[in-house]
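Visitor: Below, each chain spelled out in residue letters.
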Amino acid sequence: MDIALQQILNAAALGGIYALLALGLAVVFSIMGLINFAHGELMTIAGYVLMFCGIAGIPFALGVPLAIVAAALSAMAMERIAFRPLRNASGATLLVTSFAVAMILQVLFQNLISARSQPVILPALLGQSVTVFGLVIGVNKIFAIIATLVMLVALEAFMSRQRHGIAMRAAAEDFAIARLMGIRANTVISGAFALSGMLAGVAAVLWVSQRASVDPLMGFTPVLKAFIAAILGGLGSLRGAVAGGFVLGLIEVFLAAFLPASWQEFREPIGLALVVALLILRPNGLIPAATLQAQKV
Amino acid sequence: MAALLKLESCKVRYGAVQAVRGVSLEIRKGEIVALLGANGAGKSSTMNAIAGLVPVADGKVWFEGRDITALAPEEIPVSGLTLSPEGRRVFGTLSVDDNLRMGAYAVRDKAVAKRARERVLDLFPILAERRTQYAGTLSGGQQQMLAIGRALMCNPRLLLLDEPSLGLAPLIVRQVFDLIKKLRDEGVTVFLVEQNVAGALAIADRAYMMGSGVIQREGAADDMKRSGAMVASYLGGH
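These protein sequence lines are chains Y and V, in that order. For this note's numbering, count along the first sequence from 1 and bump the result up by 684. Under this note's numbering, the second sequence has 30 at position 31, and the numbering climbs by one with no breaks.
It is possible that some hints are incorrect.
To be verified - Quick list of simulated restraints, FRET-style, between CB atoms:
#1 V:Glu74 to Y:Ala776: 29 to 37 Å
#2 V:Lys109 to Y:Ala961: 29 to 37 Å
#3 V:Lys109 to Y:Gly775: 56 to 64 Å
#4 V:Arg130 to Y:Val780: 57 to 65 Å
#5 V:Gly166 to Y:Leu779: 34 to 42 Å
#6 Y:Ala761 to V:Arg130: 54 to 62 Å
#7 V:Pro124 to Y:Phe817: 52 to 60 Å
#8 Y:Val814 to V:Gly86: 29 to 37 Å
#9 V:Leu170 to Y:Leu770: 44 to 52 Å
#10 Y:Arg768 to V:Gly86: 28 to 36 Å
#11 V:Gly135 to Y:Gln846: 15 to 23 Å
#12 V:Arg118 to Y:Leu689: 34 to 42 Å
#13 Y:Phe817 to V:Gly135: 20 to 28 Å
FYI, nobody ran anything at the bench for these hints, they're computed from the structure. For glycine and all other residues, C-beta sits at the position ideal for the given N, C-alpha and C.
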């Protein structure tokens with residue numbers, strides 16, 4: 685029982701990171717139909733900012749907001765430079781462009797920083813564990829769970845109450861009509877990228893907190909997982925992205941914990957098979973995007 | 000009297016297809032003007048071109064003496080006109096209240112937006128009752144009310160309505176037409192596209208008849224009604 689509870693906490697910590705990343709992908713996808721594979725590089729940028737802050741002796745508490753802001757600004761720059769000129773291009777064109785952006789950034793990291801993994805100096809506290817009700821929990825995991833919850837609550841409040849958040853939802857549903865109301869296309873898209881960059885920045889801080897290193901390809905694996913989570917949840921649906929992230933985290937952590945040792949090498953394919961099975965049961969995802977529902981009616 | 004809205008040989012193209020082939024028309028302040036014609040005549044394309052949803056390939060659009068031909072759609076409500084689009088297109092995943100809030104997005108002054116909201120809820124008591132409901136759960140007639148209400152939220156001096164009666168029950172259609180008259184009495188100039196020719200001519204001051212992308216006839220609504228036989232033959236009845 686205790687082991688199960690322990691693993692649920694681990695799953696929440698990992699799933700939370702996937703959820704934040706999947707949300708970032710979903711925010712941009714819901715508005716401009718772009719699956720941004722350069723999302724992982726935003727994470728990597730945030731990771732490098734944390735690394736440089738550590739080297740420069742800037743305290744972690746200051747490095748974290750700097751890393752998040754850097755990721756958000758990079759996302760906005762990415763939109764301005766790479767995606768805005770292709771505003772009305774097809775989804776495939778945008779997808780290929782995002783691959784190009786990702787590769788260019790990876791090469792820049794390799795040549796300008798280092799091709800190898802670099803250590804990130806973290807506060808000692810993050811490496812410690814605390815015992816709560818007989819469960820031993822890493823401080824970094826608690827940090828991840830709390831940060832994820834705070835982000836999700838803040839985002840929900842922004843999307844449901846703030847004028848700009850509501851405008852984003854309106855634009856996601858019907859961009860042409862949203863513009864007719866005076867909602868500026870550039871503002872909404874730029875805002876969506878800033879939001880997705882911020883989410884990638886937070887995810888990067890949590891990811892780095894558990895690994896204490898950063899390398900040029902750091903963002904690739906988690907964002908690939910987040911992409912799976914976003915599809916599982918229902919592409920373009922924000923709540924779906926969160927649900928997909930947590931479900932994927934749960935599947936991964938539980939397979940790692942409870943699969944017999946001889947089966948462990950098949951962990952990933954088994955996890956993906958479970959995702960496929962879920963998608964067969966719910967082809968539009970766990971919580972399909974509203975626009976998709978509307979089309980079905 | 001100077002025209003509120005003036006189109007000078009406007010053209011709209013979709014690729015190789017020319018949907019609107021040089022339309023010129025004028026709307027004067029305080030009028031209700033109907034744009035009539037069969038399916039595919041280019042009525043909605045004309046409306047969308049005025050609102051900036053589709054680009055004007057050639058020609059000019061003047062509003063209150065200002066050239067708005069090349070304005071982006073998001074600039075149009077700021078300039079004082081707005082379109083309630085064909086098929087209503089309310090934001091189904093937003094509450095009724097948030098739909099109205101988005102309608103006032105272009106309005107900077109909070110007090111003005113608040114007054115607009117009170118006026119809309121006054122005009123449409125049903126929307127006040129369903130404020131917190133998702134717009135997607137409203138009936139067709141209620142969604143049409145919301146679409147018109149949303150358009151009114153930016154206090155337009157000219158309201159473009161594209162097929163406001165489409166798909167509505169006859170009783171609701173009458174309500175919508177009554178409402179259009181009421182809006183005009185409150186000082187809003189209305190330019191509407193309608194397939195319900197009889198209903199539109201009953202409330203309109205003037206009408207334009209469009210076919211194959213050009214204006215084929217124009218005149219006072221009463222004259223158009225009197226030559227009803229011709230209208231009927233052209234539109235195949237109604």
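Visitor: Under the constraints set out in the numbered hints, which ones does this structure not fulfil?
Guide: 2, 3, 4, 6, 8, 12, 13
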